[in-house]
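Construct the complete structure from the given sequences, taking the supplied hints into account.
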Amino acid sequence: MTALEVRGLVAGYESGAPAVRGVDLVVRAGEFVAVIGPNGAGKSTLVRAIAGVVPASAGEIRVAGQDLGKLPAYRRARLGLGFVPQTENVFAALSVRENLVLVAECAGRPAAAGIEVALGAFPELAPLLGRPAGVLSGGERQRLAVARALIAQPRVLLLDEPSAGLAPPVVERLLATLRALAAEGLAVVLVEQNVRAAFAVADRVELLVAGECRLAGSPASLAADPAFAAHYLGVPRPGAPA
Amino acid sequence: MSVQWLIDGAIQGSVLALGAGGVTLTYANLRFGHFAHGELVAAGGYLALATVGLLGGAVPALGAALGPTTVSGALLVGTLVAGAGVAALALLLERFVYRRLRARAAGISAVMASFGVSMALRALLESAFTSSPRYYSEELSIAIERGGVRATPDQLLVAATALALLLAVHLVLGHSRLGRSMRAAAENPALAAVTGIDVGRMAMASWIVVGLLAGVTGVAIGVLGQVRPAMGAELLLPFFTAAVLGGLGSLPGALVGGLLVGLAESWAVATAGSEWRGATAFVIFVAVLGLRPGGLFGRPA
Ligand SMILES: Nc1ncnc2c1ncn2[C@@H]1O[C@H](COP(=O)(O)OP(=O)(O)OP(=O)(O)O)[C@@H](O)[C@H]1O
Ligand SMILES: [Mg+2]
Numbered sequence: 004m005t006a007l008e009v010r011g012l013v014a015g016y017e018s019g020a021p022a023v024r025g026v027d028l029v030v031r032a033g034e035f036v037a038v039i040g041p042n043g044a045g046k047s048t049l050v051r052a053i054a055g056v057v058p059a060s061a062g063e064i065r066v067a068g069q070d071l072g073k074l075p076a077y078r079r080a081r082l083g084l085g086f087v088p089q090t091e092n093v094f095a096a097l098s099v100r101e102n103l104v105l106v107a108e109c110a111g112r113p114a115a116a117g118i119e120v121a122l123g124a125f126p127e128l129a130p131l132l133g134r135p136a137g138v139l140s141g142g143e144r145q146r147l148a149v150a151r152a153l154i155a156q157p158r159v160l161l162l163d164e165p166s167a168g169l170a171p172p173v174v175e176r177l178l179a180t181l182r183a184l185a186a187e188g189l190a191v192v193l194v195e196q197n198v199r200a201a202f203a204v205a206d207r208v209e210l211l212v213a214g215e216c217r218l219a220g221s222p223a224s225l226a227a228d229p230a231f232a233a234h235y236l237g238v239p240r241p242g243a244p245a
Numbered sequence: 005m006s007v008q009w010l011i012d013g014a015i016q017g018s019v020l021a022l023g024a025g026g027v028t029l030t031y032a033n034l035r036f037g038h039f040a041h042g043e044l045v046a047a048g049g050y051l052a053l054a055t056v057g058l059l060g061g062a063v064p065a066l067g068a069a070l071g072p073t074t075v076s077g078a079l080l081v082g083t084l085v086a087g088a089g090v091a092a093l094a095l096l097l098e099r100f101v102y103r104r105l106r107a108r109a110a111g112i113s114a115v116m117a118s119f120g121v122s123m124a125l126r127a128l129l130e131s132a133f134t135s136s137p138r139y140y141s142e143e144l145s146i147a148i149e150r151g152g153v154r155a156t157p158d159q160l161l162v163a164a165t166a167l168a169l170l171l172a173v174h175l176v177l178g179h180s181r182l183g184r185s186m187r188a189a190a191e192n193p194a195l196a197a198v199t200g201i202d203v204g205r206m207a208m209a210s211w212i213v214v215g216l217l218a219g220v221t222g223v224a225i226g227v228l229g230q231v232r233p234a235m236g237a238e239l240l241l242p243f244f245t246a247a248v249l250g251g252l253g254s255l256p257g258a259l260v261g262g263l264l265v266g267l268a269e270s271w272a273v274a275t276a277g278s279e280w281r282g283a284t285a286f287v288i289f290v291a292v293l294g295l296r297p298g299g300l301f302g303r304p305a
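Those sequence lines, one after another, are chains L and D. My numbering numbers the first residue of the first sequence as 4 and each following residue consecutively. My numbering numbers the first residue of the second sequence as 5 and each following residue consecutively.
No wet-lab data here; the hints were simulated from the structure. Every residue, glycine too, gets a C-beta built ideally from N, C-alpha and C. Warning: the hint list may mix true and false statements.
Covered stretches of chain L, as calculated for chain D (at least 3 residues, CB under 8 Å) [to be verified]:
id, stretch
1, 51 to 61
2, 173 to 185
A few chain L residues that face chain D, going by a derived Cβ cut-off under 8 Å, partial list only [said to hold, decoys possible]:
id, residue
3, Ala-76
4, Tyr-77
5, Ala-80
6, Gly-83
7, Phe-86
8, Pro-88
9, Gln-89
10, Ala-95
11, Ala-96
12, Cys-216
Chain L is nowhere near these chain D residues, computed Cβ spacing over 10 Å in every case [what the hints assert, rightly or not]:
id, residue
13, Ala-69
14, Ala-88
15, Arg-104
16, Gly-120
17, Glu-143
18, Gly-151
19, Leu-167
20, Leu-171
21, Leu-175
22, Val-203
23, Met-208
24, Gln-230
25, Trp-271
26, Ala-276
27, Ala-283
28, Phe-301
Following this line, the structure appears as C-alpha cells:
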C-alpha cells in the first residue's frame, strides 16, 4: 500500500528560485527511503514542504491516498504524518517530560504510554525527564526529538538528519529502531548525510541535487552506478557500497 | 514610621500584579508588548459598571453590599461579564488587527498597532461614558484596624481575589494540557504545528486568558478607586515595570514584581510624598533594564 505519494512538488522560500523543483517521491507502507544529497540540495525543504511547514507552490502530496492539498501542518500531523526537523526540534522551555507528554496528548494517548514508548527507544532519557529540554546536550536533544516523533505512532515518518551529533553506536541503535518500525509497516523517509549509514539501512536511496531527484534505486544498484559515484562520491568505485 | 505603608503597598501591589500578569502573558504567548492593555483593563471596569447599573436596578437583592464590603452581588456578576467581555474584545483585536501583524518577523508592527488600538479604544470609552469618574457603590468601606494598621474589607477582598486568580492561571498554564500546548505554540510555532497543535487556536486561548485577567484588573481598580477611561492606561508603566522586574514572560515574576513595585511606590509616598509615586515605577523600570534586563525570574534571552 502506498503510504506517501509526492508528485511534482515545487517548494521554496520567498527569496529566490524554489529549493525543491518538481520532486516525485512514492513510499510504500513498511518501506525505508533515504534521501541523500549535498548541502543546500533542498533535502530539508523537501521534507518541510511535505510536513506543511514550507508552502508548496505546485504538486500533490497524498498520505494513505488522502490528498493533503493545502491542509495546515497540524492537520497533516493528525493524519499520521510525523516529522523530526533538522534544527529546533524540541521545545527548549518545556521539560523533557512535558515534551513527551505533549505529543502523547496530541495523539490522544495516555501520557504514561508516551513516556514508556520514548524510554523504550532511548532509556538514557530517563534521568533527564525533569530537565528543561533547552539544557540537553546535542545528542540528548536529538534522541528526545526522535522519541517525540515515535510516540505519535505516525503512518509516515520524515526525519531530517536525526543522527547528526550522535555517537556511532547510538546512530546504529536509532537506525535499528527505525528499521524495526518499518518492518511493522511504518513508511520512513530519512534525510541522511552519512551515505554509509543510509546505504546500510534503506530499501531505496534517492539522490537530490539542486532541488531535483537525480538518481534513485536500491543501495546496491546505486553503488554500482558510475553516474552515482560521479555525482555524489566523486570517486567511481563500482560494485562496492559507498 | 508606621508600617501602614507595607499594607497599602501590598494591596496596590496585588492590583499591579494582576495587570502585570496580563502584560507578561501577552509577551510570553503572543510575543509582543501590548500597549493597549490599559484600555482592556478600562473596558473591564466599564463592563462591570454597566452590569451593576442594569442588574442592581432590576434585581434589588443583587444591589445590596455583601458582608462588610461595598461589593454587591451585581458587581460579582459584573466581574464575570468584564472577564468574558474583555476576552471577547481581545479575540476581536486578534482577528482583525494583531493576527497578521504578529506573524511579521520584526514584531514591531504589532507593537505600533497596539498604540493605535489603545488610542481608539480610549476615545471610544470617553465618547460612550465621558471621562468623569464613576463608582460601583455609593457606600464607604469601613477600615478594620489591627495592631495599628488599617485595611478595608474591600482592599482585602481585592488582594485575595488578585492572588487567587494569578495562582489559578499559573497552575492552569503550568500543569494542564492546554497550558503546555500554549507554551509550545508560543516558543516554536512550526514545531508545535507538526506536533499536531493548532497554533492559531492557542493564540486565541492566550488572548482569552489575557482578556480575563485584564477585565478583572479593571474591576479591582474600580472597587478600590474610580472607573475612568484612563484607569488602566495610567497604570501601564507600573504594569510593565512589574512584568520586567519579575522577568517578562514569568507569571510568578509578575506577582513578585507587582508586589515589589507596589511596596516601593507606597514607601516613596510615605517617606518623600505622594508626588513621587509616579516616578518610582519609572526609576525601577530604568534600573532593571540597565542592571538586570532579564528580571528576577526571567529566562536568559
Ligand atoms: N528559511 C529559508 N529561507 C530562505 N532560503 C532558505 C531557507 N532555508 C533554506 N533555504 C535555501 O534553500 C536551499 C535548500 O536548502 P535546504 O535546507 O533544503 O538544503 P539541505 O539539502 O537540507 O542542506 P543541508 O544538507 O545543509 O541540511 C538552499 O539554497 C538554502 O539556502
Ligand atoms: Mg537540511
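Hints, one by one, checked against the model:
1. With 3 residues carrying a beta carbon less than 8 Å from a beta carbon of chain D, the stretch 51 to 61 of chain L meets the three-residue requirement, and the given coverage holds.
2. Three residues within the 8 Å Cβ limit are the bar, and the stretch 173 to 185 of chain L against chain D gives 0, so the coverage statement is violated.
3. Interface hint status for Ala-76 (chain L): upheld, as the beta-carbon distance to the closest one in chain D is roughly 4 Å, under 8 Å.
4. Annotation: interface hint on Tyr-77 (chain L) holds; nearest CB of chain D at approximately 5 Å, less than 8 Å.
5. With 8 Å as the threshold, the beta carbon of Ala-80 (chain L) comes within range of chain D, its nearest partner Cβ sitting at about 4 Å, so the hint holds.
6. Taking 8 Å as the C-beta contact cut-off toward chain D, the hint placing Gly-83 (chain L) at the interface is violated, the least distance being around 10 Å.
7. The closest approach between the C-beta of Phe-86 (chain L) and any C-beta of chain D is roughly 4 Å, which is under the 8 Å cut-off, so the hint is satisfied.
8. A distance limit of 8 Å between C-beta atoms decides the matter here; for Pro-88 (chain L) the minimum to chain D is near 7 Å, and the interface restraint holds.
9. Checking Gln-89 (chain L) against chain D by beta carbon gives a least distance of about 12 Å; that is not within 8 Å, so the hint is violated.
10. With a least beta-carbon distance of about 7 Å to chain D, the hint placing Ala-95 (chain L) at the interface is held under the 8 Å criterion.
11. Given hint, Ala-96 (chain L) at the interface with chain D, holds; its Cβ is 5 Å from that chain's nearest Cβ, closer than 8 Å.
12. Below 8 Å, beta-carbon pairs count as interface contacts, and Cys-216 (chain L) has none with chain D, the closest being about 23 Å; its hint is therefore violated.
13. No Cβ of chain L approaches the Cβ of Ala-69 (chain D) within 10 Å, the least distance being about 45 Å, so the stated non-interface status holds.
14. The Cβ of Ala-88 (chain D) sits about 27 Å from the closest Cβ of chain L, beyond the 10 Å cut-off, so the non-interface label holds.
15. No beta-carbon of chain L comes within 10 Å of the beta-carbon of Arg-104 (chain D); the shortest separation is about 16 Å.
16. For Gly-120 (chain D), the shortest C-beta to C-beta distance to chain L comes to about 27 Å, beyond the 10 Å cut-off, and the non-interface label holds.
17. Distance check on Glu-143 (chain D): its Cβ is at least 47 Å (rounded) from any Cβ of chain L, clearing the 10 Å threshold; non-interface status holds.
18. The Cβ of Gly-151 (chain D) lies farther than 10 Å from every Cβ of chain L, with a closest approach of about 43 Å, so its non-interface assignment holds.
19. No beta-carbon of chain L is positioned within 10 Å of the beta-carbon of Leu-167 (chain D); the least distance is around 25 Å.
20. Non-interface call for Leu-171 (chain D) relative to chain L: holds, since the shortest CB-CB distance, roughly 20 Å, exceeds 10 Å.
21. For Leu-175 (chain D), the condition that its CB be more than 10 Å from all CB atoms of chain L holds, with the nearest at approximately 15 Å.
22. Remark: the non-interface label on Val-203 (chain D) conflicts with the geometry, its nearest Cβ contact in chain L lying 7 Å away (cut-off 10 Å).
23. Listed as outside the interface, Met-208 (chain D) is consistent with that label: its C-beta sits roughly 14 Å from the nearest C-beta of chain L, beyond the 10 Å cut-off.
24. Listed as outside the interface, Gln-230 (chain D) is consistent with that label: its C-beta sits roughly 40 Å from the nearest C-beta of chain L, beyond the 10 Å cut-off.
25. Consistency note on Trp-271 (chain D): stated as away from chain L, and its beta-carbon is indeed over 10 Å from all of that chain's, at 34 Å minimum.
26. Distance to chain L confirms Ala-276 (chain D) as a non-interface residue, since its nearest Cβ pair spans about 40 Å, more than 10 Å.
27. Listed as outside the interface, Ala-283 (chain D) is consistent with that label: its C-beta sits roughly 35 Å from the nearest C-beta of chain L, beyond the 10 Å cut-off.
28. Phe-301 (chain D), annotated as away from the interface, keeps every beta carbon of chain L farther than 10 Å; the closest lies near 13 Å.
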